[in-house]
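Each chain, written out:
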Amino acid sequence: MSGHRRVKDIDYDEDGLDSYEEDHSEEEGELSLEDKGMAHLIIRLDNLRKPQRTSLLQQMRQNTILVKEALGDEHGVSEQAIQEALWHYYYDVGKSVAYLKNQHTPKQPKKPKQESRFDRAAAAATPMKASSGELSSSLTTRTFQNGIGARKNLLFPWPGHPRKITTSMVHPYPLLGYPLPEPPPYYFSNVPPGALLACAPGITSRSYLPDYVPVRRTQPRGPLLGGSASAAKPSKLAALAAARKKKDAEQKAAARTVDEGHKSSVSLLDRLAKKDIGAVETREENKSWVVTQAASTSSYPLRRKRDPSPVRTPPTSDAPQAKQPEEKPQEQTDLRAMPSIFARTICFALPRPSHVEQKQSDSMPYLSCHDCATATVPEVNRTKRDFFAGPSPDDVVLNAQAKASSSKSKQAPSKKPSGPKSEDGTNGVTNGVEKLSVEDIIPQRTKSKNLDIPALYASRPYKPSASFVVIGHVDHGKSTLMGRLLYDLKVVDQRSVDKLRREATNTGKSSFALAWVMDSTSEERERGITVDIAMNHFETSKCTFTILDAPGHKDFVPNMIAGASQADFAVLVIDASTNAFESGLRGQTKEHALLVRSAGVRGVVVAVNKMDACGWNKERFEEIRSQIGAFLSSAGFKEENIVFVPCAGLTGENVVHSLLPSNTQASWWHHGPLVSTLETQARASGTLDLRRPFRLQVSDVFRGGITNPLSVSGKVEQGAVQAGDVLLAQPAGQTACVKAIEVDNEAADYAVAGQIATLHLTDIEAQYLRSGDILCDPTKAVKNITTFTAKVLAFEALLPQGVDVHRGRLHVPGRVKRLLAVLDKGTGQVAKKQPRVVQAGAVARVSIEFDGEVGIPLEVGNRVVLRNAGETIAAGLIEGVSS
Amino acid sequence: MRLIKQNIEKKDGSGSATLLPEEPEDMWHAYNLIRPTDLLRASALRRITTESATGSTSSQRVQTTLTLRVTKLDFDPQASQLHVSGTVAEENKYVKLGGFHTLDLELQRNFTLTKADGWDSVALAQLRESIDQTKKAVCWAVVMQEGLANICLITEYQTILRQRVEVSLPKKRGTGKSSDHEKAVQRFFHTVLETLLRQLDLANSPASPVLLASPGFTATSFQSYIKSAASSSTPGIDVKTLKALLPQLLVAHSASGYLHSLAEVLASPAVTAKLSDTKFARETQLMDRFYELLRKDDGRAWYGPREIERAVEKGAVGRGGGVLLISNSLFRSQDVAVRRRWVTLVDKVKDDEGGEVRILSSVHESGKRLEGLGGVAAILTFPIEDLDDMGGEEGGEDVEEDEVVQPEVEGVEGRETIHEEFEI
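Respectively, the protein sequence lines represent chains A and B.
Okay, so the first sequence: first residue is 1 according to this note's numbering, each after it adds one.
Okay, so the second sequence: first residue is 1 according to this note's numbering, each after it adds one.
One should not assume that every hint holds.
[Stated by the list, open to error] So the derived label-pair ranges between C-beta atoms look like this:
#, chain 1, residue 1, chain 2, residue 2, range
1, B, 288, A, 831, 25 to 31 Å
2, B, 237, A, 734, 29 to 35 Å
3, B, 320, A, 787, 36 to 42 Å
4, A, 787, B, 48, 45 to 51 Å
5, A, 707, B, 288, 51 to 57 Å
6, A, 833, B, 247, 52 to 58 Å
[Claimed, not checked] SDA-like, lysine to any residue: derived pairs with alpha carbons at most 25 Å apart:
#, chain 1, residue 1, chain 2, residue 2
7, A, 832, B, 296
8, A, 554, B, 65
9, A, 832, B, 371
10, A, 554, B, 299
11, A, 554, B, 285
12, A, 825, B, 296
13, A, 833, B, 296
14, A, 590, A, 522
15, A, 739, A, 450
16, B, 183, A, 101
17, A, 833, B, 386
18, B, 93, B, 125
19, B, 5, B, 81
20, A, 833, B, 304
21, A, 554, B, 292
22, A, 832, B, 297
23, A, 832, B, 298
24, A, 817, B, 371
25, A, 739, A, 705
26, A, 833, B, 383
27, A, 825, B, 299
28, A, 499, B, 173
29, A, 554, B, 173
30, B, 296, A, 842
31, A, 817, B, 285
32, A, 832, B, 386
33, A, 554, B, 182
34, B, 296, A, 635
35, B, 183, A, 707
36, B, 296, A, 830
37, A, 833, B, 182
38, A, 791, B, 304
Hints were generated in silico from the structure; no laboratory data involved.
Please read all numbers here as calculations on a predicted model, not as lab measurements.
Note that the Cβ used here is the ideal one computed from N, Cα and C, for glycine as well.
All chains, please: the whole structure from these sequences, using the hints.
Below you can see the structure in the form of structure tokens.
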């Protein structure tokens with residue numbers, strides 16, 4: 001590119017277009033007051049090259065005539081325009097003609113004239129003596145307007161300074177090659193150098209350079225707005241806005257030719273207005289340049305940079321730069337803070353600041369949408385009131401000062417000169433930022449809906465729901481019965497059951513297939529017994545149910561206690577076949593029944609299972625009914641709460657479907673199947689006082705999924721909870737926030753006492769949650785205690801000894817510290833103080849102590865079970881606690 | 001512990017014994033031997049602060065031998081360290097008479113113990129026990145349930161909880177395969193195995209039996225996990241040491257994963273057969289028998305200090321099945337009178353009545369059970385009802401009786417034996 005340029009430069013040299021030198025010197029006066037040193041230089045050059053200038057003028061005149069001929073009259077292009085075009089096209093007549101034809105819709109002749117006037121006025125203000133004349137002034141104007149564009153395109157060097165260009169090629173910092181002129185005192189006098197530097201980021205490191213504008217212009221512009229200048233690509237919107245603006249300006253210019261003319265005196269406002277027009281024209285011209293010079297990198301942003309007010313380009317400074325192939329250093333001048341100083345000193349002469357502002361906003365990629373969209377609005381305003389189109393001098397100064405005072409202020413979109421529009425723009429950005437920050441600062445913390453749960457609960461569509469625990473001795477068919485229930489109710493599909501059947505048959509345990517619906521872990525399937533509670537939901541036409549399938553094995557009684565604590569009623573499964581019932585009585589049948597009773601369960605459905613094995617023998621059923629009925633009554637179940645149902649879990653008879661008439665052996669049974677019995681048990685939960693403080697015992701801590709990394713499930717013991725609530729986890733003493741709630745595997749807004757809910761928690765670490773912990777209302781929290789007294793019913797002889805204290809999932813070691821008293825079973829009065837031993841069956845008050853320092857979250861009214869060495873020795877109610 | 005020197009008088013129990021603790025367990029013995037008001041002479045590290053004429057102070061640590069009048073003992077079972085506090089009873093160039101010092105008894109350093117009120121029968125028995133050089137059986141136990149494992153070291157006298165692994169396991173959910181649960185269980189096993197290997201330190205110590213106990217199948221599953229880990233390379237676990245461990249594994253049943261289930265484990269025949277130590281087995285057996293009798297409530301099993309004293313008075317803890325179970329924590333009382341009271345009781349049962357006396361270690365499982373009963377219990381030869389209802393404050397009388405110091409024939413014999421066998 002530089003080679004190309006050089007060729008052109010040589011041409012100019014040969015042409016000897018002297019007059020330009022003078023133009024530049026003029027410009028020097030107007031534009032680059034800051035470049036005083038440069039001006040001296042140029043003057044010197046001017047003196048040297050007078051002949052060249054003359055020849056250039058001659059060429060211009062000749063070519064102007066040629067172009068005029070080519071254009072003819074119909075275009076009405078002024079001589080000035082022609083000359084300008086020629087200037088742009090380096091005196092290429094053909095190109096200029098094409099350009100003018102393209103560009104000049106009829107009647108646009110006034111522009112150059114006005115500009116020239118402006119220039120003249122400006123020139124008058126300069127101390128430099130400028131050569132006058134139509135051509136020179138028009139050229140000056142052109143330079144003025146085109147400064148930035150010219151620098152951009154690089155094909156537009158300052159033709160009048162060919163020698164200088166060569167020098168600059170040798171010296172990267174051309175000024176250093178010359179005697180450094182003194183900075184003019186009026187320029188720098190009241191501005192400390194530091195201020196200049198502050199205005200131009202990136203310079204400070206180049207302290208060896210004088211504080212000259214031209215030198216500073218060579219500085220690469222720092223990425224003020226977080227990106228390189230060339231990367232600051234305007235958005236489409238910005239481009240659109242620019243195009244519209246251009247159009248506006250054109251219309252404006254056309255209108256102005258009529259009313260303004262060139263008669264009026266040159267006022268400041270006038271000049272400011274003209275700046276816009278000039279800029280528009282520049283843009284047009286530049287556009288064509290961009291088209292012809294597709295070779296230039298990233299023409300889009302470059303073009304944007306070119307919008308500029310003419311003032312931007314002090315020729316003296318640009319001349320040396322023209323040699324440099326990089327475009328960036330030249331563009332960087334745009335954002336530099338020079339205008340601020342300039343504005344301070346002679347702001348009237350320079351409409352530039354407004355332009356600078358525009359550039360700034362343009363170069364803010366993230367603002368471009370806002371800015372350009374709103375940018376059109378002020379343009380419209382400008383057409384309405386021309387005189388106020390540009391920024392007021394005050395604005396110029398203020399903006400410049402703001403810019404100079406802090407680099408940060410440069411980020412403020414200041415494109416709009418004044419008024420509410422700029423505020424809009426700012427607000428748009430700030431709003432955007434606010435929005436962002438709002439989303440970021442407040443994480444996923446769920447906002448509480450502040451539901452009135454008691455009211456909602458009272459008005460909910462009523463369908464009774466209940467949970468029941470399935471208990472009984474090991475191998476009495478609990479899991480199989482429940483698997484059958486789910487299968488027949490189509491909760492578990494045929495395909496899954498078929499798959500389980502295949503697997504079971506393959507391992508030689510075909511009869512376990514249905515139980516495997518509930519027994520899902522490999523260990524359970526391997527061993528053929530249930531280890532832990534299996535929870536499942538099903539729904540009949542009348543009720544929704546939650547099954548808690550408890551393990552029957554002696555070793556897993558703790559798990560069974562956990563299930564019993566969550567149940568509303570119990571289903572006691574009893575194997576009716578010979579010997580199995582009896583062995584069950586010796587085994588866990590009784591223990592389980594006692595445990596569910598001591599867990600507070602009142603109703604029990606006795607499913608006499610495996611009736612097919614004893615041929616649906618009515619006598620067997622009645623025998624079991626009498627024995628178990630008597631036992632349950634003694635255990636504290638009321639007669640009316642005990643229901644017996646014969647069934648066969650493996651075959652499914654009388655489970656979901658009523659007995660077939662073909663089963664003649666069972667014709668004696670006239671009551672419904674097991675499911676209908678369950679429905680009668682699922683009573684309405686009655687009047688719940690949901691305003692009691694919330695309590696939930698964590699039954700399970702698990703990963704609820706990707707969105708819910710920490711979830712707990714358990715039965716809500718009292719109170720209610722809704723999403724957004726903050727709960728306290730005891731004994732850890734950590735708070736957690738409820739993100740979402742699920743009841744019966746479905747998302748719910750709230751959960752109330754009696755429901756088995758899944759709470760998705762946030763703001764707590766998993767390490768603080770164990771099964772058995774309590775989630776409670778932080779304001780009315782459960783306290784961690786180390787000692788409690790309880791009134792217990794002893795199932796075995798109770799001594800001061802180590803015991804396992806169970807409460808639902810809670811399972812902690814403790815010890816009976818003292819036997820306080822044996823109580824009278826009927827009256828509850830103290831029968832004997834300080835007994836040596838509490839015999840089985842007696843009711844006693846005991847004091848129990850935990851070992852740990854932390855304590856256990858228990859409170860008065862909790863039901864506890866005491867076990868030792870795998871046997872349940874007592875169950876009771878906490879009467880007093882101390883920590 | 002080795003007896004270096006002793007000059008205990010037959011008649012009044014006066015005199016001193018010089019002992020050399022050799023292994024951590026000896027600290028436990030020392031803890032039971034040394035009692036408040038005893039004179040202990042041992043090496044100590046003393047920080048001496050000197051003030052110069054200008055007032056600047058400099059301090060330095062000096063190794064010196066101090067004689068302390070013991071005021072307090074503090075035993076750390078985890079680290080097997082014994083801290084003895086006391087006042088200086090013999091002045092030397094570093095310390096003044098009456099100054100306070102707390103010293104840590106160190107392994108392989110002699111200490112000399114002089115009993116303030118003479119070596120009584122219990123102290124002599126304790127001494128005899130502590131210098132018993134027969135190799136003690138050591139056994140590791142992992143008492144576990146899903147999500148919880150207590151790794152403990154069982155020695156003849158102590159059950160030391162070395163590490164507790166507690167992991168929150170998600171429960172099985174829904175009808176599908178509970179992969180979360182199973183993965184978590186595998187992770188739990190991995191953690192327990194790693195922790196266990198770290199504790200066992202198989203590279204430096206010979207393999208001792210490792211007891212895996214749990215309710216259900218957790219221990220069995222863990223055993224098979226170790227087996228599979230030994231046959232395949234599991235990250236973080238050395239296969240070689242694991243293979244050495246395999247034959248040492250012993251699976252037992254326990255009611256829960258908590259430590260107090262260990263009593264049940266240790267009483268099981270499978271374990272007692274493997275463990276050479278019968279002392280503990282005998283103690284556990286007696287405790288179980290005691291509990292059984294208590295449940296029967298036939299008046300032959302009693303517990304509690306006053307009740308037992310009365311029973312002994314009545315001669316119910318004598319020949320023909322009378323057993324006195326007493327925790328050694330009672331002998332560690334700060335109060336000399338209380339200690340004497342129990343020593344007298346033991347002497348009486350042993351010498352006068354001819355009953356069996358078992359001094360249970362308070363840090364052993366059966367001892368802990370006894371602690372819950374007040375530290376002393378007895379199985380009587382004949383039933384006595386209402387021992388607890390016989391009112392009257394007899395404590396004062398007991399204390400008076402304690403004043404009488406009885407010369408012990410057996411103790412003297414023991415001393416002679418010690419002389420012959422262990423004096424260097």
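Against the structure, the hints come out as follows:
no., hint, verdict
1, 288(B) <-> 831(A): 25 to 31 Å, "holds, 29 Å"
2, 237(B) <-> 734(A): 29 to 35 Å, "holds, 33 Å"
3, 320(B) <-> 787(A): 36 to 42 Å, "holds, 41 Å"
4, 787(A) <-> 48(B): 45 to 51 Å, "holds, 47 Å"
5, 707(A) <-> 288(B): 51 to 57 Å, "holds, 54 Å"
6, 833(A) <-> 247(B): 52 to 58 Å, "holds, 55 Å"
7, 832(A) <-> 296(B), "holds, 18 Å"
8, 554(A) <-> 65(B), "violated, 59 Å"
9, 832(A) <-> 371(B), "holds, 23 Å"
10, 554(A) <-> 299(B), "violated, 32 Å"
11, 554(A) <-> 285(B), "holds, 24 Å"
12, 825(A) <-> 296(B), "holds, 20 Å"
13, 833(A) <-> 296(B), "holds, 19 Å"
14, 590(A) <-> 522(A), "violated, 29 Å"
15, 739(A) <-> 450(A), "holds, 14 Å"
16, 183(B) <-> 101(A), "violated, 81 Å"
17, 833(A) <-> 386(B), "holds, 13 Å"
18, 93(B) <-> 125(B), "violated, 37 Å"
19, 5(B) <-> 81(B), "holds, 23 Å"
20, 833(A) <-> 304(B), "holds, 15 Å"
21, 554(A) <-> 292(B), "holds, 21 Å"
22, 832(A) <-> 297(B), "holds, 15 Å"
23, 832(A) <-> 298(B), "holds, 18 Å"
24, 817(A) <-> 371(B), "holds, 10 Å"
25, 739(A) <-> 705(A), "holds, 13 Å"
26, 833(A) <-> 383(B), "holds, 21 Å"
27, 825(A) <-> 299(B), "holds, 24 Å"
28, 499(A) <-> 173(B), "holds, 19 Å"
29, 554(A) <-> 173(B), "holds, 22 Å"
30, 296(B) <-> 842(A), "holds, 14 Å"
31, 817(A) <-> 285(B), "holds, 23 Å"
32, 832(A) <-> 386(B), "holds, 12 Å"
33, 554(A) <-> 182(B), "holds, 22 Å"
34, 296(B) <-> 635(A), "holds, 23 Å"
35, 183(B) <-> 707(A), "holds, 20 Å"
36, 296(B) <-> 830(A), "holds, 22 Å"
37, 833(A) <-> 182(B), "violated, 50 Å"
38, 791(A) <-> 304(B), "holds, 23 Å"
Checked against the numbered hints above, the structure violates hints 8, 10, 14, 16, 18, 37; every other hint is satisfied.
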